[in-house]
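With the hints as constraints, model all of the structure from the sequences given.
Chains as they are written, first to last, in my numbering: chain D, 210 to 524; chain P, 8 to 261.
Read the hints as simulated data drawn from the structure, not as lab findings. These numbers come from a predicted model, not from an experiment. Heads up, some of the hints might be wrong.
Partner residues aside, some chain P positions facing chain D, computed with beta carbon under 7 Å [stated by the list, open to error]:
#1 153
#2 156
#3 157
#4 160
#5 172
#6 248
Computed far set for chain P versus chain D, every beta-carbon distance over 10 Å [to be verified]:
#7 50
#8 69
#9 107
#10 144
#11 237
For each residue, glycine too, the CB sits at the ideal point set by N, CA and C.
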Amino acid sequence: MIELKNVTRRFGDTVAVDSINLTIETGEVCVLVGSSGCGKSTTLRMINRLLPLSAGEILVDGEDIATMNPEQLRLNMGYVIQGTGLFPHWTVARNIAMVPRLLNWPKKRIDERVDELMTLLDLDPVTHAHKYPQQLSGGQAQRVGVARALAADPNILLMDEPFGALDAITRDNLQLEMLRIQKQVRKTTVFVTHDIDEALKLATRIAVMDQGRIVQHDTPENILRHPASDFVENLVGKQDRGLKLMSLRPVRDLMTLHVAPKQMAPGMEGIKEEDSVRLALSVMLWQDLHQVAVFNAQGQETGVITRERIIQEGV
Amino acid sequence: MRAWLPAVLLAALLCGLSVGMPVLEPLFQWVQPDKQRVIYERESFVFLLQNHLLLVVVSAAVGTIVAVAGGIFATRPFGRDFLPLVSQVASIGQTFPPVAVLALVVPVLGFGEAPILLALILYGLLPILRNTLAGLEGINPSVREAALGMGMSPVQVLIRVELPLAGRVILAGIRTSVTINIATAAIGSTIGARTLGDPVIAGLVNGNTAYVLQGAVLIGLLALMTDSLFEAIERTWDSAWFKATQHLRTEKPR
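Structure representation (structure tokens):
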């Protein structure tokens, strides 16, 4: 658990972060979102003490970070940044092994961990382990960045616009990957972005920041339904909210179940239970259907979702 | 291993020539037919070469240590305030001709090896300092940020990340510095240091082109040898840290 209490950061006369209070529960993904210069990156960099606080205190699992050794603190916090910050003179494997090496793990354990992480992030250890960062594509490099941050199994993950410099498709893939990995490892994550869609997609709770203050801290759904101010309302997109809410909702919530799961007829198209309602609607509009079949992870047809139900209850 | 071959060949040629210069007497006789003595014999070439080399090596070693330490200091958080000053000194110092340095040092230290050594250290320091600053400042800031943010101590960041990354540029600075100083050391002969400049000065004073030629050829060979030595070191450095760069040239990434 990370607690920020009256945290303030001043650069000269300007106040970058103005007395914010924020609690991030263990295992939760807290996304700090706001326009550039709102103090979100500054807040993140204070959590791992890359920047000192001007006032206030930050507690990690109840302990004041100001009393901790900064290196010890950071070794237990994975850190992913926009420019990846991979070491160009080290191979991918050595980059990932950075923190375990600092912790003096035995070589065999490091090698196993590197393999495991590369597999987790969908990088083939055989072809990629001995490459250098400049030989990777942007998406691969950022995967290595995430693997490096997870290497020593830290309790906390800090991510500073990690996907900001990637193209839309790669970013989408990595976001899905993040969700998948988060399900497996359950790290307490602080994620900084200026992209509200990314925030809605990844967050369990969102903290909207403006001019160094937190203007709203709530779940994605509540941020969309009850924006605390005009600023938040504009940020989430006033008129786009209906579709955004739909994209938060899985098909599972609104489907009509069959009595018993059916085997999928060959060649039949459908959507998955965990896909969003928005996707279901999109499929129906495009194919001009009134209902579409829903499948579970085993490929069995478990039910259908209808247009009427989405229109009535989707938001 | 092939990288080292030119340096070894040039070193062999240099040693061979400084030992066996008298063999070439007929050649120099032809260059300078009006003089009785055409081979410089006041001091053996081997001794002069040794002394010359010693001056260069000592000044390069001291210069490197001081310049790299200064460059590291000026790029640390606590030394940042001095960065503009240090980089200005490094740039302005380069515009100073070495002869002027000697003229200023001799009144203080007198004649002999000491003033030329000081001049060489001061003069050789500047390219190394400039390159150390360029190398350290040229590192992508996100690399340093990641290194610190992931829990390396500032010393570990310096030794494991910054110096290996800046090393190539620093090495290029040392190469420039040493090459310049091999030529500059020869001027030391004008103020009583024993270097390969001796035959050149003696030849100029006596109007003996053969002497000038002998000194100049040996100094030139020494400079060439040192340069190929650094070429080899730089290549070895590259292959130690960036085994990938050769692939990159052929593969053309992204």
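Now for the hints, and whether the structure bears them out:
no., hint, result
1, 153, "holds, 3 Å"
2, 156, "holds, 4 Å"
3, 157, "holds, 5 Å"
4, 160, "holds, 5 Å"
5, 172, "holds, 6 Å"
6, 248, "holds, 5 Å"
7, 50, "holds, 47 Å"
8, 69, "holds, 28 Å"
9, 107, "holds, 40 Å"
10, 144, "holds, 16 Å"
11, 237, "holds, 20 Å"
Checked against the numbered hints given earlier, the structure satisfies every one of them.
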